[in-house]
Each structure stands twice: as structure tokens, then as C-alpha cells.
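Colleague: Construct the entire structure; sequences and hints are all you get.
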Amino acid sequence: MKTHEELVSVVLDCANRVAGTSLRMPLEGDISLEAFGFDSLSLLAFILELERACGIAFDDALLDYERLRSIRSTTALITLHRERDPSTRY
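Numbering of the sequence shown is given in my numbering, commencing with residue 5 and proceeding in unit increments.
Each hint should be verified, as a subset may be incorrect.
What the hints assert, rightly or not - For lysine to aspartate or glutamate, the following DMTMM-like pairs were computed, each having C-alpha atoms within a straight-line distance of at most 20 Å:
1) LYS6 x GLU87
2) LYS6 x ASP89
3) LYS6 x GLU53
4) LYS6 x ASP34
5) LYS6 x GLU32
6) LYS6 x GLU55
7) LYS6 x ASP17
To be verified - The calculated label-pair distances, taken between Cβ atoms and stated as ranges, are:
8) LEU45 x THR7: 30 to 40 Å
9) ARG73 x LEU52: 15 to 25 Å
10) SER44 x THR7: 29 to 39 Å
11) ARG73 x ASP17: 12 to 22 Å
12) GLU87 x GLY24: 27 to 37 Å
13) THR83 x GLY33: 16 to 26 Å
14) ASP43 x THR7: 26 to 36 Å
15) ARG88 x SER26: 25 to 35 Å
16) ASP89 x GLY41: 23 to 33 Å
17) ARG73 x GLU9: 13 to 23 Å
Don't read these hints as lab results, they were simulated from the structure.
C-beta: ideal position from N, C-alpha, C; glycine also.
Modeller: Below you can see the structure in the form of C-alpha cells.
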């Protein structure tokens, strides 16, 4: 199982890959998902990339859509689902 910071890195990598950016996480900081310039289609692609990379269920991510505000809040959402469902990869 990945550590919290390793999971933050995976989420950031997914966001950068979908957005075509190379943003870096500030030390002890966070990055808003708005910084990636996601429109509705690219946000959906980001959620699908998270599903692939982290094993989070697509439906779970959509149900908690309002919690997808930043890299760290998205990581917290994945951690919550990981605790609820141990079969989640990360």
C-alpha cells in the first residue's frame, strides 16, 4: 500500500498527464484542480485516469464530485474509499 505522499504523487501525475502540464506540488502545499484548466470532458478523463491508476470506482468518484477540489482533497477521497474498501489498490 502506498504512503499518503506517494498517493499524492500518483494523483498529481494523473492530473498532469490528462492536462498536459508539469505542475509540481509546493512543499507542504496543494494545487487546485482549477490550475490544470480542466473542462468537463478533461475532468472526466482525470477521474477515469484516477480509476485506472488507483483502483477507485468511477461511481464513487462521481458521488463525491464536490470533494474533488484539489490534489490533496482528491487524495483524501481516495484514502477514504481505500479505508471503506480494502480491495482498492492504493
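Colleague: A separate judgement is required for each hint: does it hold in the structure or not?
Modeller: We went through each hint and held it up to the structure:
1. LYS6 x GLU87: With a Cα-Cα distance of about 13 Å, the restraint between LYS6 and GLU87 holds, given a limit of 20 Å.
2. LYS6 x ASP89: holds, 15 Å
3. LYS6 x GLU53: Distance of about 17 Å is within 20 Å: holds.
4. LYS6 x ASP34: holds, 19 Å
5. LYS6 x GLU32: holds, 18 Å
6. LYS6 x GLU55: holds, 15 Å
7. LYS6 x ASP17: holds, 14 Å
8. LEU45 x THR7: 30 to 40 Å: With a Cβ separation near 32 Å, LEU45 and THR7 satisfy 30 to 40 Å, so the hint holds.
9. ARG73 x LEU52: 15 to 25 Å: holds, 18 Å
10. SER44 x THR7: 29 to 39 Å: holds, 32 Å
11. ARG73 x ASP17: 12 to 22 Å: holds, 18 Å
12. GLU87 x GLY24: 27 to 37 Å: Because 32 Å falls inside the window, the suggested range holds.
13. THR83 x GLY33: 16 to 26 Å: At 18 Å between Cβs, range holds.
14. ASP43 x THR7: 26 to 36 Å: Since the Cβ atoms of ASP43 and THR7 sit about 32 Å apart, the hinted range of 26 to 36 Å holds.
15. ARG88 x SER26: 25 to 35 Å: Between ARG88 and SER26, where Cβ atoms are some 33 Å apart, the hint holds.
16. ASP89 x GLY41: 23 to 33 Å: For GLY41 against ASP89, whose Cβ atoms are near 31 Å apart, the range 23 to 33 Å holds.
17. ARG73 x GLU9: 13 to 23 Å: For GLU9 against ARG73, whose Cβ atoms are near 19 Å apart, the range 13 to 23 Å holds.
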